[in-house]
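If you're matching them up, the sequences are chains W and C in order.
Under our numbering, the letters of the first sequence match residues 1 to 192, in that order.
Under our numbering, the letters of the second sequence match residues 193 to 465, in that order.
Wrong hints could be hidden among the right ones.
Said to hold, decoys possible - Here are the in silico distance ranges between beta carbons for each label pair:
id, chain 1, residue 1, chain 2, residue 2, range
1, W, G187, C, M355, 27 to 35 Å
2, C, I254, W, L5, 24 to 32 Å
3, C, E198, W, S189, 43 to 51 Å
4, W, E4, C, S363, 42 to 50 Å
5, W, I183, C, I255, 29 to 37 Å
These are calculated hints, taken from the structure and not from any lab test.
Backbone N, C-alpha and C define an ideal beta-carbon position, used for all residues, glycine too.
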Amino acid sequence: MLKELLVILIASSLVNNVVLSQFLGLCPFLGVSKKTSTATGMGVAVIFVITLASAVAGAIYQFILVPFNITYLQTIVFILVIAALVQFVEMFLKKFIPGLYQSLGVYLPLITTNCAVLGVALTNVQKNYGILTGIVNGFATAVGFTISIVILAGIREKMAHNDIPEAFQGMPIVLVTAGLMAIAFCGFSGLL
Amino acid sequence: MNSVKERLVNGIVKENPTFVLMLGMCPTLAVTTSAVNGLGMGLTTMVVLALSNVFISMLRNIIPDKVRIPAFIVIIASFVTMVELLLQGFIPFLYDALGIYIPLIVVNCIILGRAEAYAYKNPVIPSLFDGIGMGLGFSVALTCIGAVRELLGAGTLFGIGVMPESFVPVSIFIMAPGAFFVLAVLTAIQNKVKIIGERKGKDMSKIQSGCGNDCLKCSDTGCAKRLIDEKAETAEPSREKAEKPKKVRKEIEIEEIMDEETETTGEEENENA
């Protein structure tokens with residue numbers, strides 16, 4: 001059991017990296033990666049939300065959708081649950097843990113529209129993961145996201161003063177960087 | 193009839209969702225490993241887009257303004273589920289190839305963007321053709337990107353070998369990194385067109401970098417707009433929340449531009465730490 005969880009942990013965070021090999025959560029990956037500090041904040045917020053969302057979505061799937069035989073409604077249910085969850089988390093943090101809200105609050109609204117959250121919930125169902133396995137998978141996926149966004153932010157900080165051809169300034173050079181990172185991450189596929 | 197044609201041209205050329213507006217980049221990168229997959233994804237999105245546009249346009253006088261975004265999401269998610277089941281039943285090979293990216297059509301910026309920008313304000317027939325036009329534009333773009341990747345990465349086109357025997361496929365183009373490189377070249381071309389156009393004094397404001405450029409800045413086109421609206425409608429403590437994305441944007445800009453002004457940025461530094 002523990003071994004299985006460890007395999008999932010490595011597979012989802014490094015081998016099948018959510019951004020670099022599955023292209024989920026591309027918007028924040030490209031948009032919020034100008035500074036390492038902001039990237040880290042976003043990463044932590046994503047870890048928090050995805051872990052929570054995969055727990056809630058998993059529970060709803062196991063205890064409501066499966067018993068009533070309405071699993072075909074999963075997409076509709078998940079998207080609404082995730083949207084409501086992020087709102088709720090934001091309100092909860094603001095009211096009860098203001099310290100955490102101070103550090104994560106600004107990133108939470110950006111996560112509502114992050115397709116990685118819905119993607120993880122759907123992957124968990126597709127791969128027949130239980131609730132615990134689902135949570136581990138969600139956590140690992142989010143860690144993978146954090147790793148890649150922090151690395152990208154680091155590279156972008158270094159690149160800021162480079163002399164880049166006019167047409168490649170801005171987004172194109174970031175995409176080239178992401179492509180090179182994706183090649184590097186391909187190397188992890190030998191891990192499993 | 194005129195407006196129908198205008199809508200189609202608008203979607204395919206003037207406001208092409210991929211090449212001009214740069215929306216919906218996740219599926220664009222993920223499923224374009226071959227021309228067939230790209231075409232399949234494009235057409236699937238088109239069906240959902242056309243149906244949801246029609247439905248939202250029909251209900252535009254019934255849906256209250258305050259809850260319109262959740263209502264749109266429910267409508268879109270329903271159509272996506274229907275299309276997903278139909279694909280599973282009738283075109284299983286495409287269903288297997290597209291996998292998880294079919295349900296993820298729900299969070300595609302293009303669909304919600306068109307619902308909000310067009311279908312909610314216009315009658316049924318133009319909305320239908322707006323959806324079809326935009327969907328066709330998306331399909332054309334995805335098929336082109338898929339064709340380029342397939343040609344370079346496997347030497348085939350729609351599954352038929354077209355390259356000479358001596359051609360060695362650069363298989364990285366059908367793997368994940370290739371998607372980034374192809375998109376990088378695409379955005380570079382787009383940049384170049386924009387730069388040349390601006391030098392000639394043309395209005396190039398329509399060419400955008402979508403969310404790709406900066407998630408926090410795309411408030412007038414895609415994701416952030418959606419989230420501002422979503423915030424604005426949640427009852428009373430909404431006002432301060434609704435302004436948040438803007439505030440975030442300002443904070444980060446300040447951080448970047450005037451790092452020496454520690455007095456104003458000190459607070460955000462703490463937040464981010």
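(request) Please test the hint of 27 to 35 Å on the beta carbon pair from G187 (chain W) and M355 (chain C). (result) 28 Å Cβ-Cβ, so the 27 to 35 Å window holds.
(message) Please check whether E198 (chain C) and S189 (chain W) have a Cβ separation lying inside 43 to 51 Å.
(response) Holds, since E198 (chain C) and S189 (chain W) (Cβ atoms, about 49 Å apart) stay within the stated range.
(request) Please test the hint of 42 to 50 Å on the beta carbon pair from E4 (chain W) and S363 (chain C). (result) violated, 31 Å
(message) Holds or violated: the 29 to 37 Å window for the beta-carbon distance between I183 (chain W) and I255 (chain C)?
(response) violated, 47 Å
(message) Given a hint of 24 to 32 Å, does the C-beta separation of I254 (chain C) and L5 (chain W) actually sit inside it?
(response) violated, 48 Å
The structure fails to meet hints 2, 4, 5 from the earlier list, while all remaining hints are met.
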